[in-house]
Every structure is written in structure tokens, then in C-alpha cells.
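Here is how the chains run, residue by residue.
There are 2 protein chains.
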Amino acid sequence: MADDALFEFLHMEIVSHVYKEHATREDIDRERVTCVSTLEAMGFRVGQGLIERFTKDCPSFKDDLDVMKFLCKDFWSTVFKKQIDNLRTNHQGTYVLQDNKFSLLTQFSSGKQYLEEAPKYLAFSCGMIRGALSNLGLEGVVTAEVSIMPSCKFQVVIQKL
Amino acid sequence: MADDALFEFLHMEIVSHVYKEHATREDIDRERVTCVSTLEAMGFRVGQGLIERFTKDCPSFKDDLDVMKFLCKDFWSTVFKKQIDNLRTNHQGTYVLQDNKFSLLTQFSSGKQYLEEAPKYLAFSCGMIRGALSNLGLEGVVTAEVSIMPSCKFQVVIQKL
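Here the protein sequences line up with chains A and B, keeping their order. The numbering used here applies: residue 1 is where the first sequence begins, and numbers increase by one. The numbering used here applies: residue 1 is where the second sequence begins, and numbers increase by one.
Just chain A, same shape as in the assembly (with noise of 0.2 Å):
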């Protein structure tokens, strides 16, 4: 319980001094893409650190979607204390997450006035994702999407290279 929190706080903090400092200086109108990319890096370096971790004394993964059910289940188990609720694939390199009940989203109020404000905390997610598996040898894009608090799909497309 107190473990989690120490990660949701410490993620508020982050979120918050990201975009206050950039409030601060002149390229406002460049904010939001900015800060977003400034997130999403750092997620990306915790991704690729923990993944290294996580994976110390595991077997080698049998194909991208043993890597994917990887990710949900004990990635996601670590960090978000919860495991992903549904994963769905079309099996051509597109793959969607769907948590329920996404952790860093269920401080704010289920109605519809905090929407817009989602992208903010997800950004870090999405890097997290992203350095993951890029360690694990897929590149790929991650995007997250929210339409009902705080319900959350995640949606990593695999670049074939």
C-alpha cells in the first residue's frame, strides 16, 4: 500500500515540476509538446533500467507476444501493483492494453472534468513501455488513450525491422 503511493507521488511531483518549469520560460506555446516528449524520456530510461532488472533470471522470450504478456503481467504487477486487464493483439505488431483501474489515474475524479488533464500522467507510462521493450528488442510507438477515468489502453505499435 505505502510502497505504491511512494511511486504516485513521487510521479505528481514530477509531472508538476515539469510543466511548472516550462511555464516559466518563454517557449510556452511549445509547452505541451515539450513537456510531453520531456516525460516520456524519462520513463524511457526507467523502462530500460527496470526491464534489465526484471529480466536478470528469466528465460528468453519465444516471440513478441511472449514478451507482451511479459510486460502485462509482471511488468505491470511491479510498477502498477496490478496486472493489465486485457490484452488484445491483431496479430500483425499492434497491440492494446487495457487497464481497468490504471494506478496513477485513480487520485482524480472519475467525471469527465479531468479528461483533458490525462495525457499529463500518462506521458511517463508510455515512456516506461517503450524503454521496456525497446530493451527487449522491439521498437515500437506507444500511445495511451483515456475516455472514462481512470480506465486506461495503451496501444504499442511494433515497428518490423
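Just so you know, the hints here were simulated from the structure itself, not pulled from any lab data. Quick reminder that beta carbons are idealized off the backbone N, C-alpha and C, glycines included.
Subject to a maximum C-alpha distance of 27 Å in a straight line, what follows is the list of computed DSS-like cross-link-like pairs (lysine-lysine):
| no. | chain 1 | residue 1 | chain 2 | residue 2 |
| --- | --- | --- | --- | --- |
| 1 | A | Lys81 | B | Lys81 |
| 2 | A | Lys120 | B | Lys20 |
| 3 | B | Lys82 | A | Lys81 |
| 4 | A | Lys81 | B | Lys73 |
| 5 | A | Lys20 | B | Lys120 |
| 6 | A | Lys56 | A | Lys73 |
| 7 | A | Lys82 | B | Lys81 |
Here are some chain B residues pointing at chain A (derived, C-beta under 8 Å):
| no. | residue |
| --- | --- |
| 8 | Ala5 |
| 9 | Ile14 |
| 10 | Met42 |
| 11 | Arg53 |
Start from chain A and add chain B according to the hints.
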């Protein structure tokens, strides 16, 4: 194992982000002070939030020493995955908390070459202690000192009101 890694990596990212961001601004001469206080302030708010969760089901504390003991055992174990090794006090409001293997310093080489980098990595934790104490009604000054990595001494001086 993997849990503490999340906090450690995230902490590393914050420190490097705060320092990088300040370095690109003009006020480079004031850099060090500003970065340390930014990190300290972030830690303060995280400490405040955490202690609220931690003490939700706790009986109240009988005195300042009791609060410090809680901080050294329960709080420290959850955040830093070990207890404080030694707690000393002059019984006049000064406490020295010695951690012989402080988790945020263990990634560094134990030689002397990184010694001057250490304060960067202690500011957040000092703030966290101050925030936790503040929410328990104790206002004070928290400083940290490293003589040999990865051991660290935190000094808390409680201000009598």
C-alpha cells in the same frame, strides 16, 4: 528487489533532470543552491503525502523520540528497504540517523571520486524526512553528510516552538 529499483531509477532521473534543466538556464552561478532546494521541496511534499498514508492506522506517538523511532524503522523500511542502523540524540532536539548503506548511494563507486556529487543525491531525502516530520507536528532542519560511500548521516534539529 525490483520495487526499490523503480524508486531508485526515478530518483536518478529527477536529479539529472533538475540539474540539466538549470544548466541550460542563465543563472548558472546560482545553480547549485537552486537545484538542491528544488529537490528538497519535491522531497518535502512526497514525505508529507507518504507519512499521512503510513500513520493512518497508527496510534499516536508519545513524544518526539517515539516519532523518530517510527521514522527510522517503519518509514525507512518502506522507502529505503532497510532500517536506520543507528539513531542517536542529545535529548535536546538533535537527532543523528546513521544509515551504513543508504540505498540511493549504493549505485556509486565507494571510492572518494564521487564524494562531492553526493549532496545532489541526498537533497530529496532530506526534504522527505522534513516533510514527514512536519506532518507529525515537528518542524526542523534536516541536513545530510557523507564521509564514506555508501554510508550516510542525517542530522535532524527540531525547532522548539
